[in-house]
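Protein chains in written order, with our numbering: chain A, 1 to 693; chain B, 1 to 88.
A portion of the hints provided could be inaccurate.
As the list claims (entries may be wrong) - List of simulated lysine-lysine pairs, DSS-like, C-alpha gap at most 25 Å: (1) K244(A) x K190(A); (2) K657(A) x K444(A); (3) K170(A) x K190(A); (4) K70(B) x K264(A); (5) K170(A) x K285(A); (6) K170(A) x K264(A); (7) K70(B) x K444(A); (8) K264(A) x K190(A); (9) K264(A) x K17(B).
Unchecked claim - Incomplete in silico selection of chain A near chain B, CB under 10 Å: (10) Y312; (11) A400; (12) R401; (13) V513.
Note that these hints are calculated values from the structure, not bench results. Using N, Cα and C, we set each Cβ at its ideal position, and we do this for glycine too.
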Amino acid sequence: MKIALVGNPNVGKSTVFNVLTGSNQQVGNWAGKTVERKSGIIQRANQTIEMIDLPGTYSLTAYSQEEIITREYILRENPDVVMAMVDASNIERNLYLVLQILELAPRVVIGLNMMDLAVSSGLTIHTAELALALNVPVIEIVAAKGKGIEEFLDEAIRVGTLSQDPLPRKVPYPQALEQKVRAMEGLLSKNPWATRYPLRWLAIKRLERDPEIGQDWKASAPGISQSKDSCCDTGYGVSYELLKTTSLPGEELLETYEAEGWSKDHFEMAFADAKYQYISEILPKFRTTINPGKPTWTDSIDAWALSPIWGYPIMMAVLGLVFWGSFVASAPLGGAISQGMAWSAEVIVRLLQWGQAPEFIQSLIRDGIFAGVGAVLAFVPQIAIFFAFFSLMQDSGYLARAAFLGDRFMQLMGLHGKSFFSLVSGFGCNVPGIMATRTLEDPKDRLITMLINPLIPCVPRLGVMSAVVAAFFPGSRGSVVMLSLLMLSMFLVMVSALFMRRVVKQTERSAFVMELPLYHIPTLRNVLLPTWQKTYSFLKRAWTFILVASIVVWFLSSYPQGVPMQATWAGKMGGWLSFIGAPLGFDWRIMVSIVFGFAAKETTLSTLGILYGVAANASQSIAQAMTGAMTPLNAYTFLVVYMLYIPCLASVVTTYKESGSLGWTSFGVAYNLILSFIMGWIVFHGGQALGFQ
Amino acid sequence: MERLLGDLKSGECACVKCIQGGGAIRRRMMDMGIVPGVELEVIRRAPFGGPLQVRLKGYYLAMRRGECAKIAVTDINEELIEQPLASR
Chain A
1 MKIALVGNPN VGKSTVFNVL TGSNQQVGNW AGKTVERKSG IIQRANQTIE
51 MIDLPGTYSL TAYSQEEIIT REYILRENPD VVMAMVDASN IERNLYLVLQ
101 ILELAPRVVI GLNMMDLAVS SGLTIHTAEL ALALNVPVIE IVAAKGKGIE
151 EFLDEAIRVG TLSQDPLPRK VPYPQALEQK VRAMEGLLSK NPWATRYPLR
201 WLAIKRLERD PEIGQDWKAS APGISQSKDS CCDTGYGVSY ELLKTTSLPG
251 EELLETYEAE GWSKDHFEMA FADAKYQYIS EILPKFRTTI NPGKPTWTDS
301 IDAWALSPIW GYPIMMAVLG LVFWGSFVAS APLGGAISQG MAWSAEVIVR
351 LLQWGQAPEF IQSLIRDGIF AGVGAVLAFV PQIAIFFAFF SLMQDSGYLA
401 RAAFLGDRFM QLMGLHGKSF FSLVSGFGCN VPGIMATRTL EDPKDRLITM
451 LINPLIPCVP RLGVMSAVVA AFFPGSRGSV VMLSLLMLSM FLVMVSALFM
501 RRVVKQTERS AFVMELPLYH IPTLRNVLLP TWQKTYSFLK RAWTFILVAS
551 IVVWFLSSYP QGVPMQATWA GKMGGWLSFI GAPLGFDWRI MVSIVFGFAA
601 KETTLSTLGI LYGVAANASQ SIAQAMTGAM TPLNAYTFLV VYMLYIPCLA
651 SVVTTYKESG SLGWTSFGVA YNLILSFIMG WIVFHGGQAL GFQ
Chain B
1 MERLLGDLKS GECACVKCIQ GGGAIRRRMM DMGIVPGVEL EVIRRAPFGG
51 PLQVRLKGYY LAMRRGECAK IAVTDINEEL IEQPLASR
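Turn these sequences into a full structure, and let the hints steer you where they fit.
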């Protein structure tokens, strides 16, 4: 039996899904989309149930990727039962989706969640009356406490095993509209399509000129992949292939209606209108309002969190806490991982020495694999803690508030308010920043945010930059220089966003119409489970790339053997590239460090240290050694280029995985490189013209 | 009196008369429950010309001023209050 879990965003769908499927979850992406696909297998009453958690959606029209997926799944996969989750505190808009589902799939069970929130805002929903009004079973659940979830599933199984489709009450359309639906039904009733979908739904969609009606799709992939990895396989679900398009009857009728002023848009509006009208008609039967004006929790928190005066300081404090927790407090954990890696490398090298393994293998293990992979692994605690905060903010409802407050600034760049958090996260680490773009609904907005994210300097980059700044610009000048660099990065983010908007073709600008969900306290499971899944999938996706890259970097930097750094392959590459650096006043050493910095930017200082012949590993002394070889203008140019060119390998891999496009990833890399060198050139020559040294 | 939603002060209520324009934005608004006849309350306007927080049907929505300028509203008159309007 196939059961689909459907509902508006933030209704507690994933809580129910997590409780029901437990650890038997498969998390991946929907084919060709960067929307999470979660499915699980449950055994109940001698039945094997494939349960799928469809992305949260407000309707079954095609607006966002999430809505398209939900709609396509119900349409093409034809689940046996739909478990529709409804938020009791916001029942009107939630029922709009339920009415749309009921027209398409009659086997529906409603799970009424968030009754406590409804009660606290002075509403009472009478479950029995609701069930009667719609003629659909309704189960009360408290998802956060795990109450009613088993009953919800039992009822779904019962509905699924009924021999005949139940008859939910139809939405009565106004006379003029109902006539047109009937006329269309008459034309379609003998069509083979009418046996596949409910006739009324087919007629409505035909009147709306829905392009999907008449299209035959072939599923071309395994249904459930029986992967050995029970937690988080890539789970690329079913992908579809268009077989043929049949034109359904009724074209003439549609043209007649259009001549009467009933266009496609008009029909859509009329059907939506009638559904809302119907909901407000039946609403008094099952909802009573007591004490309406009482301010809720959400009202009281929002009075502060969204206030024009306090909103921004509060947001700064929240973001500050997230940053501190993810990137400062996690440092000992990261340090422990690096030490652990170094220690295990040592142990393995000893074993190899004992086994008389050749020198180059020892070096490969210690300096190549363990050093390279360890450098990335050291960031895993940061990323994991960041994701935990991210889930917490998203589930509690604060993320939407941050988008509300940040939207004004994003609007300047032609971006969506939800891009704000992704960009701010970039200051911590660009990898989670790029992954945080998933909250954006529009794929184009998502792509643009992803491509400009690397221009924001992350914590490791800021660390290197401040060491160099401190060496070249001591005292208060240092902070002015640092500030100017950050301002430059902001400015370029803004300009690039506007530029990308021209490059990335977008048919229609997405609207900023965003729900501000009621605040609620997320369950521990809902925070920790996605954190684990996201961290695991990041590691799983990245480790092969990182391993290969570590080996390549090791090879380039240690061969030919026994020569000084500038004579190795990587050193030679830096030398060859010095013609690019020359117009910027860079010598070959800077170019070598830029080449090496590609793997991970925090290694730049130690590379420079070796090249400038400073043995000590202290960042200050390396920077001091550089002051002898470079003028402050050279250093400033270096800082500009360093800040802007590709952040690191992990961010490139993440961009590729999140965009799903090699083309856009290469475009992003090329854009960063070209932009950084152009800016460096402008700074160097501008500085010279202005008489700086 | 007909106005645009974007012109409402915070704390003011109004009733949706019609949505100008079409396409995805209009469909999105429809999905979120903004249809003619619905009562809206502007809760607050974000500073510096930022989005508006609007309450309808018991939930909160953030909308940019540009989008709000597409929604024509009328004052809530008695005739409309008598109808079983769902929004509070």
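- What hints, given by number in increasing order, does this structure fail? none
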